[in-house]
Amino acid sequence: MSEEKRKILEMLADKKISVDDAEKLLAAVSDRAGEGGTASGDASGKPGPKYLRVLVEPAPGNKEGDRVNIRVPLNLVRAGLKFASYIPPQVRDKVNSELKDKGVPFDLNHFDPRDIEALLVHLNDLTVEVEGKEKVRVFCE
Amino acid sequence: MIPLWLWIRVEEKGRRRLVLPVPLILVWLLLAAFLLLLMPLVLLAGLLLWFWGWGKALLQIYFHIFVMIGSLSGLKIDVSSPVKAGRGGREDGKLTRIILQ
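One line per chain: the protein sequences are A and B, in this order. Residue 17 in my numbering sits at position 17 of the first sequence; the count goes up by one each step and never skips. Residue 171 in my numbering sits at position 30 of the second sequence; the count goes up by one each step and never skips.
These aren't lab readings, by the way, just hints derived from the structure by calculation. Because the structure is a prediction, the values reported are computed rather than measured. You may find that some hints are simply not true.
Stated by the list, open to error - So, partial list: chain A residues that the calculated Cβ filter (under 8 angstroms) puts toward chain B:
| # | residue |
| --- | --- |
| 1 | LEU26 |
| 2 | SER30 |
| 3 | GLU64 |
| 4 | ARG71 |
Unchecked claim - Pulled from the structure, derived: some chain B residues nowhere near chain A, Cβ distances all over 12 angstroms:
| # | residue |
| --- | --- |
| 5 | MET180 |
| 6 | TRP193 |
| 7 | ILE202 |
| 8 | TYR203 |
| 9 | LEU216 |
Glycine is no exception: its CB is placed at the ideal position from the N, C-alpha and C atoms.
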């Protein structure tokens, strides 16, 4: 059994992901192993997302706000996230404490570059909408 | 694929006002020259700092810069600002678009 499949099953056993999510992830890992390529696409053979889109629009009734439309290549997101794994252990504790002070309970010691692919598979279906003065949508395409 | 052009477009009310193609290849050439000059120093620093745990990270970050540059292609940023909002609702006035391709 590959390390990735074992990791997915461990996440399922720890109830960090649902059975459906685990099935999707296992299918993605199997596809990638079969193709010998990178992780893109899902079990249905549909091509995977290439871009992360962030749309900011003024809320209905707000006529003055700017509209912002950002398209970020997922390869750039991957590369950026991998930077976190290069942080030396001595610095991670400092970064963790700074993040905690800012109210972000994120532990870099538990950050694994292999989780990036799992995260990106899930981003395929993600749509976040924040209503307020502005409406923010984050999704992949 | 490394982006070769940076396009900056500024339009106002549908009329094209500014289209500025910036040849990024010139920037990359300068950056590549700078990074190559820096390489011996990075390798030396990496070797010296290896046993403190910083060397490997330093080398990885150095080579990761090239990966980041190669991943920039396709980045697009659009910002549209409204003209003075009237009773008819919102009307987009100025559109600023930045594309790396």
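Self-check item: Hint validity - LEU26 (chain A) Cβ closer than 8 angstroms to any chain B Cβ
Solution: Not OK, violated: LEU26 (chain A) not within 8 angstroms of chain B, min 27 angstroms.
Self-check item: Hint status (Cβ of SER30 (chain A) to nearest Cβ of chain B, threshold 8 angstroms)
Solution: violated, 26 angstroms
Quiz item: Can we trust that ILE202 (chain B) is non-interface, i.e. its beta-carbon lies farther than 12 angstroms from all of chain A?
Solution: Per Cβ check, ILE202 (chain B) is inside 12 angstroms of chain A; nearest 5 angstroms; violated.
Quiz item: Does the claim that MET180 (chain B) lies outside the interface with chain A hold up, using a Cβ gap greater than 12 angstroms?
Solution: holds, 17 angstroms
Self-check item: Assertion that TYR203 (chain B) lies outside the chain A interface [Cβ separation over 12 angstroms]
Solution: violated, 10 angstroms
Quiz prompt | Minimum Cβ distance from LEU216 (chain B) to chain A greater than 12 angstroms, as the annotation requires | solution = The claim is violated: LEU216 (chain B) sits with its nearest Cβ about 6 angstroms from chain A, within 12 angstroms.
Quiz item: Is TRP193 (chain B) truly not at the interface, in the sense that its beta carbon sits beyond 12 angstroms from all beta carbons of chain A?
Solution: For TRP193 (chain B), whose nearest Cβ neighbour in chain A is about 8 angstroms away, the distance does not exceed 12 angstroms, so it is violated.
Quiz item: Going by Cβ atoms only, is GLU64 (chain A) closer than 8 angstroms to chain B?
Solution: holds, 6 angstroms
Quiz prompt | chain B contact restraint for ARG71 (chain A) - C-beta distance below 8 angstroms | solution = holds, 4 angstroms
In summary, the structure is inconsistent with hints 1, 2, 6, 7, 8 and 9 from the numbered list given earlier, while agreeing with the others.
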